[in-house]
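Peer 1: What follows is the residue order along each chain.
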Amino acid sequence: MVERVPFIGREIELAKIAQLLQAHGEKQVVCIHGPGGIGKTRLLEEIKRRYSLQPQIVVTEVMDFDDLALHIPENVELRIAQALGQKAFQPYLQELQRLNSMEIHGMDALTLDNQSDLAHTTFVENFNQVTKTCRVVLLFDTTERLKEKHVWDDFRRLVKTARNTLFVLAGRNTANIYQELLAKEDLEQPDRQAILVNLEALQQQDSNAYLANKQQLLHITLAPELSAALLSLAQGRPILLDLATEYLAHHIPLPWLLEVDAQGSQTRPEQDWSNFETALALQLEQMRRPLDRLTLALSRIHPLDTEGIVTLLRLPPDEADELYQEACNYAFIKQLPGGKISLHDEMRRMINEQVWPNVDPDQGRRRRDSKLAVEYLSRRLATLDAAIKNLPFSATGGQNAAPPQSELSEFVQREALARERWALTEHLISHALYANLNDGFARFCQLFDEAEHFHRITLRAMILEQIEPYTAVLSLEQSIVLEMRKILQAIDLGEYDQARQMAIRLLRRGVLKADQRLDVLTRLANSQKLLGHHKEAAVAFEEALQICHLTPELRGWEGAMLNSLGLVYREMGQLDMALEYYTQALSITFDAAQMASALNNIGYVWALQGKYRSAAKYCEQALAIRQQYHRQREIGMSYSTLGELYRNWGKYDEALQYYNIALDIFEAEHDLLWLARVRNYRGAICRLKEQYEQAAAELKQSIQYNIKIEQPWAYHALGCVYWNQGNLSEALNCFATSQTLAIEIHDIRSQVNNLVGSAEVYYDLWLQSNREDAQLTRQIHEKAEALEALVGQGYKHHTGRMQRVLADIAYDMSDYDRAFQLYKTAYAGLGSRSGGYGKRKFSDELDLLAQKLIVLAQTNPQQVIRWCKDFRRAWSDHEILRSDELLTMCDVCEVEARLRLHPTS
Amino acid sequence: MDNSDSLKRQLEAARKTLENLEVKNAGYPALTLPAEVQVQLDEQRARVMQLEAELAKTASAPEESDADSFPFTNRQEEIKLILDVYAPAYYLLDAPTGYGKTNLLHEIEGRFQQQGWSCVYVAVDEHHDLNTVIDHLAAKLGIKLTKPDSMPPGLQLAGALKNQLERNPKQGLALLIDLEKKPSLVLVQQLFSLLIPLLEVCLRQLEFFEKHHNRFRVIMAGRYLAMRPAVRKVSLPLEVLRLSPFQYDVVRKAARDYLPTYNENSVSLIAAHTFFITGGHPGCVAQVLKEYRSRGMTPDVFINFFSQHIWEDIVRPIVNELRAGLAENTKELYKVIGRLSVFRYVDYEILRQMMGEWKDLDIDSEYDLADELTSTYLLDWKGRVLRDDLARRLLAMALFREQPEEFAAFCRHAQALCAEHIRQSGVQKPEIWMLEYLHQALQQNAALLLQAKSAERRQLRQKFILQDVPAALQILLQERVVPARSYQAEHKALLQTLEEDWELRFTVNYYLRSDQYDQTPYADLLATIDNWFAKANEGAKHG
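Chains as they are written, first to last, in this note's numbering: chain A, 1 to 905; chain B, 1 to 543.
In short, the hints are calculated from the structure, not lab data. Quick caveat: nothing in here was measured; it's all calculated off a predicted structure. Mixed in with the good hints, there may be bad ones.
Derived DMTMM-like pairs (lysine to aspartate or glutamate); straight-line CA-CA distance at most 25 Å [claimed, not checked]: (1) B/K16 with A/E259; (2) B/K233 with A/E285; (3) B/K331 with A/D318; (4) B/K233 with A/D305; (5) A/K371 with B/D468; (6) A/K371 with B/E349; (7) B/K331 with A/E319; (8) A/K371 with B/E357; (9) A/K184 with A/E26.
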């Protein structure tokens, strides 16, 4: 076996690195720039070799972006964490674990981004703890292969925030990276901290030494004029010297090579190099040696380990192992962690351009290789799956207490395996598609759906990338199936408008089968809903529902469509419509899960309408069904709904009991979304029970989960707590934060809450200003207008509250007629809920109005009597909830007024 | 490009290098020229002189032949490769029995010695071990090894050799090791991995060896060595040089040299018969021509009477030895190589079609089969097809001698596969498959030729020209639906490929000859093709 040529030269560059290593406490980024084959990788390896054993210095393995595993988010950080010691990175690993848990539970893209940011920040903190005691050297190779923005952004943030670290980047684009570092603010002193090292060709004497070494290893001697020609041709690039010497060990030089002038060849280097490439290609074409065949295989399938070589080259394991060892000694082979090898990209390019078209003009051999690669990768996936399955599940991201070290260690193992699986999946799809488009497409669908099942959004994105080059050759049916998956991906990435447009385009093509049309309409409706276009969402769901009606085999979906329609109307505040759809859903379905869902939804709406007893019955029946089928998550949701019901009912202790059960279930399930939600609800209960400190603690904890869709509610409720505590400015701040977040995610309910809550707080401030600050009343009117624009006639209760505020202002300004009109409509809406909102319960609202009437009766009893009669007429409508309480209040106030009018009688 | 053209180019390059060196060092007074530069200049001048001598030799008259012994024929290409100033250091001459390996080694020995090299030849057989080989080498080199000695013999030889060359400088050292007589694989491995590297390392101490191109060379010759895994794994950069059988032109030249008083027609015809019945195997060619000269008959009569004898006593033993060698060294490939010998070349598609024929073959795909064939040096990739010029014709010959009906059926099947291949969309270079189609159309009639009846050949000629060629053109152009505007390009490509196909030219001329072997049938073929294209173009204009 030929040995590897020892490292030669580069003393200037190594001296520079040695000098930088001495600058303890400082951060530098060394950008090693140079063309392919110049020796960047060997230089990084030499840095690793020289400084690995030095005290106070930790040098990581070379992280080569040619390794697709490093293109997966968080993998670079994980590798660094593992290299620097897992213990120091425990907090980071915990956050990563939480991120993992969130993804598994289908958290939205914004929430995931948030958590990813938090994990990254924690990583940097942990990293800087390590760098307090030692200088860290991070080595990165082939940076030009890193295209993934997310990974690149994380990397830049690490560069920005790391301390006492020497980054050494090598690649063909490092000059650009260097310019970027100078231009942007990633470094405090870019001129001093960013260092560009233009890796020149090996010096003449180093090239000579390299060539001499290579000849000695091969036991050959090249003529001086031939050596000179080679040195001139290779231009100091070791990889070319290596290849050329190997070539000349077997061949008489072709005449053109003897004509390469040692001094003058620069006049036609491209022609010379092209000739040389052709000569090398001819050598490989024969595929005489296993190494030739391995080189060809590696040009397309990489990285490979011994098992891969066994499969691809059909060699016995011992021969494959021997070949692996042999390959490691060649400059054009790169060694990657985990016993894998890859081909130097320059060599890969050369083979793909020069050799494959000749040896495989119809691509049959490459298809065969890809087929074998699929076999190999499938086996590796199965092995990884088995390894993952054997690890205990430890995704406890929802718990507050730090998980034990062993659990964290298991998580790291699991995560490393899972992420390796991602990289394999990407390769697998790529080769499956190349080997056979139809089989590959089926494999694509299978793996995409599998990734969807586990909510792996990033993996899905990577899978989609692989199919991109084939979109033009897909059949009509395949392109439809692909588009449907793209829509789903856009929704999950939070790109709702894009999803909406794609769905509309697909529907317009008019070639969809009924089931596909149903699917696309559902996705369109969901996009519209998430964009806040509830009416359009309802239209799309209605159309989907029609398809279910008309297509017997799709009838089973009617229940789901009706439930979805109910939800849309509920979010629009049109509770009667919501109830109608939920009831229809219940009436047609025989599916236990759908029944339970419909029952729960009906109960929820009835509770919103104040019909608590009936609501409780529905919710309890839903719970019983779910308990029967042991659907833990849904059981937890039922308990949570019951908690809400009792909160609205004003029975706070009962509500708290239900919430506690739900919390236990969601903690056991590691369901962060619902944990954040139930913590919000518990916070609300504590506030209503006037336990403000506890309420704030619960709500802040919910916020810490970083669940985007729960945050508007949490901030609003926290604002309410501050309001209760009299801290009005903080309350307004919280409402404003909540409003921004709610608009971002099209959360109408929270927007409504914030508009009303802000108006009520402004009213309090106006009172504090002795009714003098006109700016505040303008603010209140603006909020009222915004609310009307947002919900129209929906959200009766909230509209009632807003009108009540406006009525109060009119009353305080002695504009009694306007106040009377506003109170009349306001209280018709306020009656729809008993408690659990704003600052007051319904009974409080009644008391306040009664007080106002009684006070007014002292000076103007006639007017109060007239008002009460009018109120009674307006509120006698059977559709108005709590009309009995309203009418009672009217009677009491009218009596008071009469007594004022005739005090002696 | 012929040999003299190549020599001229090399000479030109060598002169240019010399001129550069002289210009570069013109500033030195003659006595102060550094030793290293002086050596370089001397070397380059020697190379120029050597090339001039070689060129002069090619221009001179052919060598005179000894009337009793068959002259050393051909192999100029191999000699040139091995003796080249820039030749690789380690050659393995690999060929079955009778290809003239030993003769070639002796020829090389003389040439090296003429050029001032120290060059020794040793033959190694199955009884030898490493120490015996070292002893033989030492004896030939005039080195006395001390026995017993604490130093292993290999080291002793290496050291002594270095000292010898230091004392008595030569232009280089060439070891010619003849492994013809089946030495043990262990010994072969020891030579490659121990002795040769050791000698090279020791000699490298001398500046001369360090500064000049591969002045230590080893040329080994053996049978079926390149295909042996143990040899394929050696770390030395071993260049395998396979000795090929003679082409018709070489056989004719050998016949001309050996039969200087015979007329041209007789020489051409006996050369054609000899090539046909020996497949160009050098040893068999020599024996057949000797037999012919001794019998004194006309070529046709000689063949009619002696073809069976030639097959049984001259060719068949060689084929049997070849088969045994393949069976021993390429177990799976042995199953396929006979059947594949019907084809002059194959590609993945043909191999894929053929895979179905071998039910018990433990090879998964056409790609693996191709890899096996190339890694064992049985086939070479040349211009996108796999060819074998070493054993194919002998194996095909055996097939048609032993199973003539099966052979004809195999040829028909091969012809059908070629037709199918041409019709496939995206087929590369369809014209080569058309030529193979035509070759198969003739080759299936091989048995007819043994009787050498001109009437049957006339019929065959008529069928070939009137049916087979038009059918092939029909497939090439019309079944592939080639647009008329491309006819001219197709025509040109076909003629060019035909021009390069010496074997088809021979087959056409031999199978379709009248009484003499000449170029008439081939000319008819060209005319038929030209006419067909002319008509097709005319038809396209009017249609």
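Peer 1: Does each hint hold? Answer for all of them.
Peer 2: For each hint, the structure was consulted:
1. B/K16 with A/E259: 9 Å, holds
2. B/K233 with A/E285: 19 Å, holds
3. B/K331 with A/D318: 20 Å, holds
4. B/K233 with A/D305: 20 Å, holds
5. A/K371 with B/D468: This hinted pair is violated, its Cα atoms lying about 40 Å apart.
6. A/K371 with B/E349: 17 Å, holds
7. B/K331 with A/E319: 18 Å, holds
8. A/K371 with B/E357: 23 Å, holds
9. A/K184 with A/E26: 19 Å, holds
In terms of the numbered hints stated before, the structure departs from hint 5 and from no other.
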